[in-house]
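Produce the entire structure from the sequences given, and follow the hints as far as they go.
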Amino acid sequence: MKRSRFNEEQIIAILKEQEAGMATAEVCRRHGISSATFYKWKSKFGGLDVSEARRLRSLEEENSRLKKLLAEAMLDNAVLKDLASKMVTPGAKREAVAHAREHHGVSERRACALVGVSRRVIRYEPTRPDDGALRQRLRELAAERRRFGYRRLGYLLAREGIAPNHKKLLRIYREEGLRVRRRGGRKRALGTRRPMVLPDGPNQRWSLDFVSDSLICGRRFRILCVVDDYTRECLALVADTSLSGARVARELTSLMGSRGKPHTVVSDNGTELTSSAILRWSQERRVEWHYIAPGKPMQNGFVESFNGRLRDECLNETLFTSLAHARFVLAAWRHDYNTVRPHSKLGGKTPPRPPANVSGACPRHVAIPSNNHHEGARLYL
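Numbering (our numbering), first residue to last: 15 to 395.
Bear in mind the hints are in silico, worked out from the structure with no lab data behind them. Heads up, the beta-carbon is just placed ideally off N, CA and C, and yes, glycines get one too. It cannot be assumed that every hint is accurate.
[Stated by the list, open to error] In silico DSS-like pairs for lysine-lysine, Cα to Cα no more than 25 Å straight-line:
1) LYS310 / LYS363
2) LYS30 / LYS54
3) LYS56 / LYS30
4) LYS95 / LYS82
5) LYS56 / LYS95
6) LYS82 / LYS58
7) LYS58 / LYS81
8) LYS95 / LYS81
[Said to hold, decoys possible] Quick list of simulated restraints, FRET-style, between CB atoms:
9) SER272 / ARG137: 55 to 61 Å
10) ARG137 / ARG160: 37 to 43 Å
11) GLU158 / GLY309: 24 to 30 Å
Okay, structure coming up:
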């Protein structure tokens with residue numbers, strides 16, 4: 015805003031000339047101001063002396079300064095709330111500074127002060143060479159020697175003529191997520207050591223879990239749920255009073271015959287899924303089996319979400335008179351889930367239709383006929 019060429023003393027002197035009897039038009043002509051400016055001064059400084067006018071001006075400047083400080087503090091608070099809670103690595107801090115500058119319009123200096131990082135760190139461009147071959151070989155050795163730390167893996171790399179600095183090896187080892195898990199409590203199968211990534215195609219990752227329910231007579235039974243994490247299709251619902259590790263292996267083998275071989279299977283650390291039968295099955299068929307951390311069901315969120323839908327839409331809505339009745343209801347619900355029910359994660363669409371020859375495996379004496387003429391005992395799952 016343009017600064018006035020009259021100070022407080024001059025303005026009050028001009029107002030007093032008009033109060034002394036001089037015409038307003040004459041006062042304005044004499045001092046080269048408009049009548050609007052004169053009346054604006056009169057509304058603001060009328061009845062004030064020089065000391066009071068100076069005090070008013072200082073209060074206005076202080077008020078403007080406090081408003082500016084408050085606006086800056088509110089902007090800083092909004093920027094900090096928008097950033098991640100933990101920013102430890104330089105890469106994370108660089109992303110935070112870039113986000114603050116792009117979305118909040120703050121300067122680089124101010125963004126660096128909020129994040130707590132030097133501007134030299136933000137502007138630094140790393141010149142490290144690409145270590146893709148080293149990382150790939152390190153992952154392969156870690157998969158073969160699951161209980162070897164980075165030092166022993168470094169010895170194996172040195173035998174092959176690859177001898178990186180031990181600090182560089184430790185950094186890459188940690189970045190790849192290959193740290194050896196500490197064993198505690200009961201003995202559990204380790205499975206693959208690779209970090210779990212999102213699938214980008216069918217049969218890349220299957221998720222397994224168990225759900226339990228009871229018949230009207232009080233007898234308990236369990237349901238093995240198999241879900242394709244990419245297509246969101248329910249591949250199998252196997253109900254029985256007992257589902258051992260060997261039974262789970264047989265069901266997966268039967269499922270592979272019609273669906274193809276999965277790249278990775280994800281499950282919790284239940285005794286059936288960590289049994290020797292499951293470990294032998296995964297080794298013989300070269301299928302990576304990933305076990306989630308104990309007490310962390312959110313790491314297997316796809317099948318856990320499916321279990322919630324299954325219990326809410328099917329199990330809690332039906333009274334099962336027998337195991338055969340439960341299998342029939344589950345088969346019908348699975349068919350509806352895969353072909354009719356809209357999925358929010360798929361944009362309201364249904365999963366891709368399975369092959370026409372997909373059918374579940376169950377004992378013949380409990381199978382439900384597929385038509386009214388009892389022309390077979392095929393149970394569609």
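Here is what the structure says about each hint:
1. LYS310 / LYS363: 30 Å, violated
2. LYS30 / LYS54: 15 Å, holds
3. LYS56 / LYS30: At roughly 10 Å apart (the allowed maximum being 25 Å), LYS30 and LYS56 satisfy the hint.
4. LYS95 / LYS82: It holds: about 20 Å lies between the C-alpha atoms, which stays within 25 Å.
5. LYS56 / LYS95: Violated: LYS56 and LYS95 sit about 47 Å apart, past 25 Å.
6. LYS82 / LYS58: It holds: about 23 Å lies between the C-alpha atoms, which stays within 25 Å.
7. LYS58 / LYS81: 21 Å, holds
8. LYS95 / LYS81: 21 Å, holds
9. SER272 / ARG137: 55 to 61 Å: 57 Å, holds
10. ARG137 / ARG160: 37 to 43 Å: For ARG137 and ARG160 the Cβ distance comes to about 41 Å; the hint holds.
11. GLU158 / GLY309: 24 to 30 Å: Between GLU158 and GLY309, where Cβ atoms are some 29 Å apart, the hint holds.
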